Amino acid sequence: MPTLTSPQQQKKNPQPQKQRIEPWSDPHAEPYLRIERITKKFGDFTAVDDVTLKVYKGEIFCLLGGSGSGKTTLLRVLAGFEEPTAGSVFIDGQDMTGIPPYERPVNMMFQSYALFPHMSVEKNVAFGLQQEGLPRAEISQRVAEMLEIVKMTPYARRKPHQLSGGQRQRVALARSLVKRPKLLLLDEPLGALDRKLREHTQFELVNIQEQLGVTFVVVTHDQEEAMTLASRIGVMNHGKIVQVGTPSEIYEYPNSRFVADFIGSVNMFEGRLVEDEPDYVRIASEELGGTFYIDHGVSSAPGATVWVALRPEKIAISRERSSENVDNAVPGVIKEIAYMGDMSIYLVRLPAGKTVRVTQPNVIRHAENRLTWDEEVWLHWHPSSAVVVTQ
Amino acid sequence: MAAPGYVTLGERMSVALAWLFQGITQSPAYRWLRKRGMRGRALVVAVPSLWLLLFFVVPFLIVLKISFAETAYSVPPYTPLIDWSGEQVLALKLYLSNYAFLLEDPLYFNAYVNSVKVAAISTILCLLIGYPMAYGIARASPAWRNVLLMMIILPFWTSFLLRVYAWIGMLRTDGVINDILLFIGIIDQPLVMLQTDIAVYIGIVYSYLPFMVLPLYANLEKMDLTLLEAAADLGSRPAKAFLRITLPLSLPGIIAGCMLVFIPAVGEFVIPALLGGPDSLMIGRVLWDEFFANRDWPVASAVAIAMLLLLVVPIMIFQYMQGRQMAAHR
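As you go down the protein sequences, you meet chains H and P in turn.
Just so we're aligned, residue 1 is where the first sequence starts under the numbering used here, counting upward by one.
Just so we're aligned, residue 1 is where the second sequence starts under the numbering used here, counting upward by one.
Quick caveat, the hints were computed from the structure, so don't treat them as lab data.
Mixed in with the good hints there might be a few duds.
Within a straight-line C-alpha distance of at most 25 Å, the following computed SDA-like cross-link-like pairs (lysine to any residue) qualify [what the hints assert, rightly or not]: (1) P/240 / H/138; (2) H/159 / P/229; (3) P/240 / H/141; (4) H/314 / H/238; (5) H/123 / P/225; (6) P/240 / H/26; (7) H/196 / H/134; (8) H/182 / P/238; (9) H/159 / P/226; (10) H/159 / P/319; (11) H/123 / P/91.
If you want the footprint, here are the derived chain H segments under chain P, 3+ residues with CB under 8 Å [stated by the list, open to error]: (12) 92-102; (13) 122-131.
Being a predicted model, the structure only gives us computed values, none of them experimental.
Using N, Cα and C, we set each Cβ at its ideal position, and we do this for glycine too.
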């Protein structure tokens, strides 16, 4: 098994590989990839706007954003295909400014895979090693090892057009990993695969990453992909990083309406801060037709307009008003039900006119007396469930 | 996008095509053919086949026939192939002497070799000049690309013959090029360029360059540029990436361009006749002389048949290579 960390680097980072480490919460940890105030403009258009990021060794860092959010441009700046308008990139302490892509200790897996159509799988994987001028025996040994890891050994002699999409993806991965890069950049790595294959490949990708210990920077627009792959996610919008955090932080504690809305589905209520205490707040919302009681403080002035984000799965639905969660309960009428198998989605109309999305797992197989269309119900949720965002 | 009531040209054309198609498929002639197993596909193939039969196979057979005849003072100036010699004898006379003559006289062999040599060198020169041109056009911005392509195609709007004549004015001892060089003072004696092999090469390369550039451009333009990024990412410098990625992938374009230059250049007549000297012997000129100076139609036909066979071999190689490429990229 090739080890991708030199002994020197291991001394610096003595924790064993398998243990889940959180270097980003350690203020003394040295970031492996440091992006400092990178701006990239194309004419008048600012694709990447003053982005600063720290990525630590062994991480899978996901840049998540919609199309045109600048995530791919940022990745191309890291690879060296685009020269930043301002700012610099440091990899393992080394300034990358002015270093062409063919001299960077970075490899990229392209969205289209960009396999060389006139070369066999073997030759594709060997290409990068040949550029280093390694002896033939070492090249073939390392190629064989890498094909073994991605389980493509039986297809070594095939040309890319004779492979399926999933197999091409593995070859592209092998080709980008065989040079043992310090940093692997992946541009929508699973984008071209169908759903079933994607789920399977996601876990495999994480396994290979853990096995080799390479730091991954992944660009994706698919939040599900980001959630399963990433150790941390950086959400991008209009060229800026709007939030950085672990998948659960991003999901449970979004810092803005954009992030709350972009990751998963959410019910968003506009409201006004009416009671602001250090350990709880009350927010009056016309859309809700009542007030939210939230069991944590908010750093905002009383009377300010805020938004309350409530995830559909955090809302309970019942015929009678529950004796728990008395502070957070509203009546409504079921307008739509979608049965998804593992869960059901209810669209509930509140008296104030807003439609709320509620999801409930289908725990019982043949539930009698199911909730049905046009039934009057109560929605309630725990005081800790709602998130207040101010921007 | 289109306002209601407004019909785009494309829509109109598709309606017209659908109408035409319906007209054809419902015609009695089509039904008659259909009943006898003729499908639309067979009809589509039949039209060019008929064209080729009429304008290639039949003339070829006539030339082949003449090549087996003997010269005669008659109209036409050769003996008939099949002769009714009376006494219930139908004689088929094949004179092989024309082909034997081609082998005996070194003139023809030399002319063939020289033609292939001139064509091969011209093809290589065209490739060396045309590849960078095609590459430059393919990598230019879309607005520039059209301008540059236009400039490649523009000479076709003038007669080929006129353009070759123009070169006489350029290459003469008192021509434009010599005047300029004398004026600048690079030379003090005019260079003899006209009626040399160099003039022939200049003429052929000038005339056939677009046939090299256009297929190469078509190939280079559709190349996926992320492949070059991938090569750079894997540590390959631009020059090496060109040699290992761009060049191999443009091979079909190189082959197509070379064939398009080489094949007509072998049989080229006008350029060596106008620009070449008496010793720049090419098979096209020999053919002309046999037909129009010697009036020896049978030998001329034999020369033509031999030239055709000479060219069929590279064409077949080309077809084979292209077939393999197509299969590889399916």
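Hints and how they fare:
Pair hint residue 240 of chain P plus residue 138 of chain H holds up; C-alpha atoms about 21 Å apart against a cutoff of 25 Å. With a C-alpha separation of about 20 Å, the suggested pair residue 159 of chain H and residue 229 of chain P falls inside the 25 Å cut-off, and the hint holds. Of the supplied pair hints, the one linking residue 240 of chain P and residue 141 of chain H holds, its CA atoms being roughly 24 Å apart against a limit of 25 Å. Straight-line distance between C-alpha atoms of residue 314 of chain H and residue 238 of chain H comes to about 30 Å, which puts the hinted pair past the 25 Å bound.
Simply put, residue 123 of chain H and residue 225 of chain P have alpha-carbon atoms about 19 Å apart, close enough for the 25 Å limit, and the pair holds. About 44 Å separates the Cα atoms of residue 240 of chain P and residue 26 of chain H, which puts this hinted pair outside 25 Å; it is violated. For the suggested pair residue 196 of chain H and residue 134 of chain H, the alpha carbons sit about 39 Å apart, so the restraint of at most 25 Å is broken. Proximity of residue 182 of chain H to residue 238 of chain P is assessed by CA-CA distance (about 22 Å); at most 25 Å being required, the pair is judged to hold.
This hinted pair checks out: residue 159 of chain H and residue 226 of chain P have alpha carbons roughly 18 Å apart, not beyond 25 Å. Taken as a hint, the residue 159 of chain H and residue 319 of chain P pair is honoured in the structure, with Cα atoms around 22 Å apart against an allowance of 25 Å. Between residue 123 of chain H and residue 91 of chain P, the direct Cα distance comes to roughly 65 Å. Violation of the 25 Å bound is thereby established for this hinted pair. Given as covered by chain P, the stretch 92-102 of chain H passes the check, having 3 residues with a CB less than 8 Å from a CB of that chain where 3 are the minimum.
With 3 residues bearing a CB less than 8 Å from a CB of chain P, the stretch 122-131 of chain H meets the requirement of three and the coverage assertion stands.
The structure fails to meet hints 4, 6, 7 and 11 from the earlier list, while all remaining hints are met.
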